[in-house]
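Note that the protein sequences, when read in sequence, are chains X and G.
Count along the first sequence from 1, add 3, and you get the number used in the working numbering.
Count along the second sequence from 1, add 3, and you get the number used in the working numbering.
Treat each hint with caution, since some may be false.
To be verified - Under the rule of at most 20 Å between Cα atoms (straight-line distance), these lysine to any residue pairs were calculated in the SDA-like manner:
#1 G:560 - X:265
#2 X:560 - G:240
#3 G:560 - X:570
#4 G:560 - X:580
#5 G:508 - G:132
#6 G:132 - G:256
#7 G:560 - X:508
#8 G:185 - G:28
#9 G:484 - G:256
#10 X:560 - G:286
#11 G:484 - X:570
#12 X:560 - G:369
#13 G:560 - X:582
#14 G:484 - X:414
#15 G:132 - G:152
#16 X:255 - X:573
#17 X:468 - X:508
#18 X:484 - G:578
Please keep in mind that the hints were generated in silico from the structure rather than gathered at the bench.
As a plain string of letters, each chain reads:
2 protein chains.
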Amino acid sequence: MKSKGYMGKIARIDLDTGTITRIKLDDTTVRRFIGGSGLGAKILFDHTSVETDPLGPENLLIFAVGPCTGTRIFNSNRYQVVTKSPLTGIYGEANCGGNWGEIFKKCGYDALVVRGASKTPVSIYMDEKRITVEDASSLWGKETFEVDEFIRAKYGTSAESAVIGPAGENLVKIANIVTDGKHARAAGRCGVGAVMGSKRLKAVVVKGTSEVPVASEDGIRQLMRRIAPQMNEFSRTFKQFGTSGGMENCEKIGNIPVKNWYQGPFEGAGKISGQRMAETILTGRYHCGRCVMNCGRVVKAADGPYRGMEIGGPEYETLALLGSNCLIDDISCIAKGNELCNRYGLDTISTGGVIGFAMEAYERGLVTEKDTGGVPLKWGSCDALLKLIEMVAFRKNIGDLLAEGVRNAAQRIGGTAAEFSIHVKGLEPPAHDPRAKMTVALGFATSNRGACHLQAFTHDFEEKKFIEDLGMPQLTDRFAKEGKAYNVFLMQNLMSMFDSLTCCKFVLFGGITVKPLTEFLNNTTGWDLTDGEFMKIGERLYNLKRMYNVRLGISRKDDTLPPRMLVHRRGGGTNVLPPIGELLNEYYEYRGWDEFGIPTDKKLQELGLEEYIHGRKK
Amino acid sequence: MKSKGYMGKIARIDLDTGTITRIKLDDTTVRRFIGGSGLGAKILFDHTSVETDPLGPENLLIFAVGPCTGTRIFNSNRYQVVTKSPLTGIYGEANCGGNWGEIFKKCGYDALVVRGASKTPVSIYMDEKRITVEDASSLWGKETFEVDEFIRAKYGTSAESAVIGPAGENLVKIANIVTDGKHARAAGRCGVGAVMGSKRLKAVVVKGTSEVPVASEDGIRQLMRRIAPQMNEFSRTFKQFGTSGGMENCEKIGNIPVKNWYQGPFEGAGKISGQRMAETILTGRYHCGRCVMNCGRVVKAADGPYRGMEIGGPEYETLALLGSNCLIDDISCIAKGNELCNRYGLDTISTGGVIGFAMEAYERGLVTEKDTGGVPLKWGSCDALLKLIEMVAFRKNIGDLLAEGVRNAAQRIGGTAAEFSIHVKGLEPPAHDPRAKMTVALGFATSNRGACHLQAFTHDFEEKKFIEDLGMPQLTDRFAKEGKAYNVFLMQNLMSMFDSLTCCKFVLFGGITVKPLTEFLNNTTGWDLTDGEFMKIGERLYNLKRMYNVRLGISRKDDTLPPRMLVHRRGGGTNVLPPIGELLNEYYEYRGWDEFGIPTDKKLQELGLEEYIHGRKK
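Only chain X is shown next, with the shape it has when bound in the complex:
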């Protein structure tokens, strides 16, 4: 019997030729690779090569959703963008909430694969009946919010669009893809917006309404009823302060980046917290399609320099990267910076990373006002922050260099710049410090897309919380190395499933763990996976992405942390440095990888990835 939860179709658009193809998605592929990042990784592996230039026409930009997307299961309406990253040169993926995923799926497709590059700006329009490539010359150069407004005016308010801003057009390697207009959600990481820009694709407009078939509507309804109380319970506190409710505690335990990851304490933490936001600029909340958590913030500047601005507010990562990382403690300024990033289409994490780097380079005399158009890049300067965001988006002055990401910028600046260009495999890290939690250290070092907190998502499951049905032992000491490799191994496999389903990871806090996820998937598809089989698929997908990178030369030497994260922070904080070598040894053993971090033939066979063994250079 054919699985449910699938539309069974992939749309493939070649912008070199304008050819549009509908490809059948076979059931075997679905069962092996699920959807989202799993399916995307498979397509990317099979149709790009070592030589593929991430910004060349031969790179693929893949949008993919999962089996539960578009069903009544809340939190499953995210979508995944998969591509070869221009920022890191390796496997790239970015995940996004909002409403686009659901409406895309309801067009009748599981994935959209874009190849080639149009000569002039275009947009793609999709619904159940037609797919068209349309002229978008009039939209080129426009900010994301304007494009969203234009599209809703043209196609109706139920049309959703995934768009790039000027940053993506300018091939800024930290550019993102934005949906949902002013209540922006973004596929942020790995410079996916630059790949879209390189294809001269301004927007993907979707307007689907088809029902997504499920195997057991009844089973889903019952399961949702069962878990509703615990989700509601969790939501109550979470919606109050959003993701930044933990800011002050994060500062206390040494988890946030301060002064480009140089300093321990940050006195201003209380001024940029979710609590402070609620007391000051917060005016409302919003959520992704079908979600009950309401983590989105609406903020408004009642007075001051940004008076009148009413906009989606910054979440934890943004507050920390644009804030503490640059020694900025003015929450309105950060909200303004967040707005600019969303308008221009810039990843706020990487943007905060390159700005912290630039401020340090300025302090050390490697960058001067000659490079900045006269702007002094002083720590804590809101003026510098906002002007740098613009410089990066438009590649002006020093922004042209920073648009390449910290790794490349440091290489071009020379001297000691590489010492404080903070990245793993080329990706600027999110606001979690590896010196504060050993699973974060190992997760950053080994995540397939570079420094990432979402591919292991362990940071909240290292001490008190744990996921019983994952077989994860409860850990008690975040500085100890014992048990951490196993924790990261399990969580990366689980997160591979989340990103393929494509489901929001916050549901874990509400107690939706392996068992209910497996039940949701089974009720949707009609499969009868056990928890163990569910997790094994996650392991397969994680290894598939690893193999994509192995083919590109990634191995143990790259599974490391930047030098700065292996020395103590100034001014106090934590006292432990991650024993990265020992953590890796243990981790590779759980993974069944060889001493260089290469999946063995035996492991690939066990995971049913025989055809990917060829990607392995011994």
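Chain X is already provided as a structure; the job is to place chain G on it using the hints.
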């Protein structure tokens, strides 16, 4: 009063134009930079730039000796070659014993600086009266021993020559410069032979007899009489088995490289020891000019495949790198390999490094018989060893790749090759394992020329032995990190003096430490340096070389060990991994360098290196 021990002249030869210049060496420069590598580093810093191509005509090849060279002080007759290394791309130096240094000095010069590149092969001849650049077309292509014979036949047996073999001519980046014919001594490291080859300079022939002026002949005589008993005492045991007398103990404590640094134990250690050599192939001993230690071996194959070979024998480093590192335990085979390296002009340490690397690449399937001209590169294969030496020297088959050193070879092979290309800053390490001694770990990581045991020379001073008058505390545990940074800091400063004096470091075993060295220097020059001032000059010279590298972008990120040296060896051995980050932190503090390993302005001012501050990019 002018200092003694100096001839006061530098010979500068430009092979582009044939111009020969005699430059006055002023007393201030001598007092600041002494001679040997100190003087060489100053000249190199001042007359090469970031852009200088190591194999281009603008690179300098500097031969330099020290104040005591050519005097009656034994063990001071070494010479130093300083250049920008084609192997590492940074500061390069190589040190050599034998008789060349003394005879060069007696030509009336303290240094020879060669610039440019001749269009046709040439040699340089020097004595007190003349310097000539002579046609050497007939010598091009010849092995080192032949050249030595030719030169002695032409210029008389008292002429000494520093020559390159085919490897240097072929720009093999691990090529050395050889003196003393069959009793070969070599300036081995950093590919100095390739720089000589790039200049088409086959030989530097010297034939000086001038007396070297000293301030107090009497003081020197008295001092030598005083230290003679202890040197004789030490020599008795040292001359018996040479540098390889400790082979079996080195294996026991985990100090030798086994299977490209992969394995702990090596059963064959007893078969390649100095003791075994004395029982089998040893027929005589030899020594450098004026030395009493007799560490040189003469070996002869009475039978077997190399029957009739009578030649300078392999010393410890060679036995380990061509032997245990390749799993070879046949001492005659290693002696033959050593002979070939000397004939062709290859550094035996780097050659053993690239061959161990090649054998591992073969085992892992990254190199096949297609690449080797059909030779199976099996571990332990003497046939493979000898054929690879030839392939490297003549850049045949895989040898063309290996001739670039392991770092470059791995980059071109791709895949996981970088994981087992063992080097620091591009230089293949000598036979001392950083996992066995923490000072070796820190010394390898921070030495100015890359992985080096001679720039810190701590490996015998980490447990029982210590140098009291250096202010070095006695250490008791080679695995502990305490005291190691200070030990390395002191020893590197002292070794900078040794390499500038240019004196053999083995005298330390005979008890010639800081005080007697200072006395020798004072008696030679007429200075009245205190021990503290003596050591401060050493610190200055070490920082000068560091600044040369800093100008080229070297910083903390480069002060590290290859990934393999940060995991445990297979099959047992030591159980401690070097805590390299913590060792570096403490070391930089002793050095007065900033957190990135950059000498501060304050430190450079304190050391009288104000004019080198410009080399520092913040």
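Hints and how they fare:
no. : hint          : verdict
1   : G:560 - X:265 : holds (16 Å)
2   : X:560 - G:240 : violated (44 Å)
3   : G:560 - X:570 : holds (12 Å)
4   : G:560 - X:580 : holds (17 Å)
5   : G:508 - G:132 : violated (33 Å)
6   : G:132 - G:256 : violated (53 Å)
7   : G:560 - X:508 : violated (35 Å)
8   : G:185 - G:28  : violated (34 Å)
9   : G:484 - G:256 : holds (17 Å)
10  : X:560 - G:286 : violated (47 Å)
11  : G:484 - X:570 : holds (16 Å)
12  : X:560 - G:369 : holds (17 Å)
13  : G:560 - X:582 : holds (17 Å)
14  : G:484 - X:414 : violated (33 Å)
15  : G:132 - G:152 : violated (23 Å)
16  : X:255 - X:573 : holds (14 Å)
17  : X:468 - X:508 : holds (15 Å)
18  : X:484 - G:578 : holds (17 Å)
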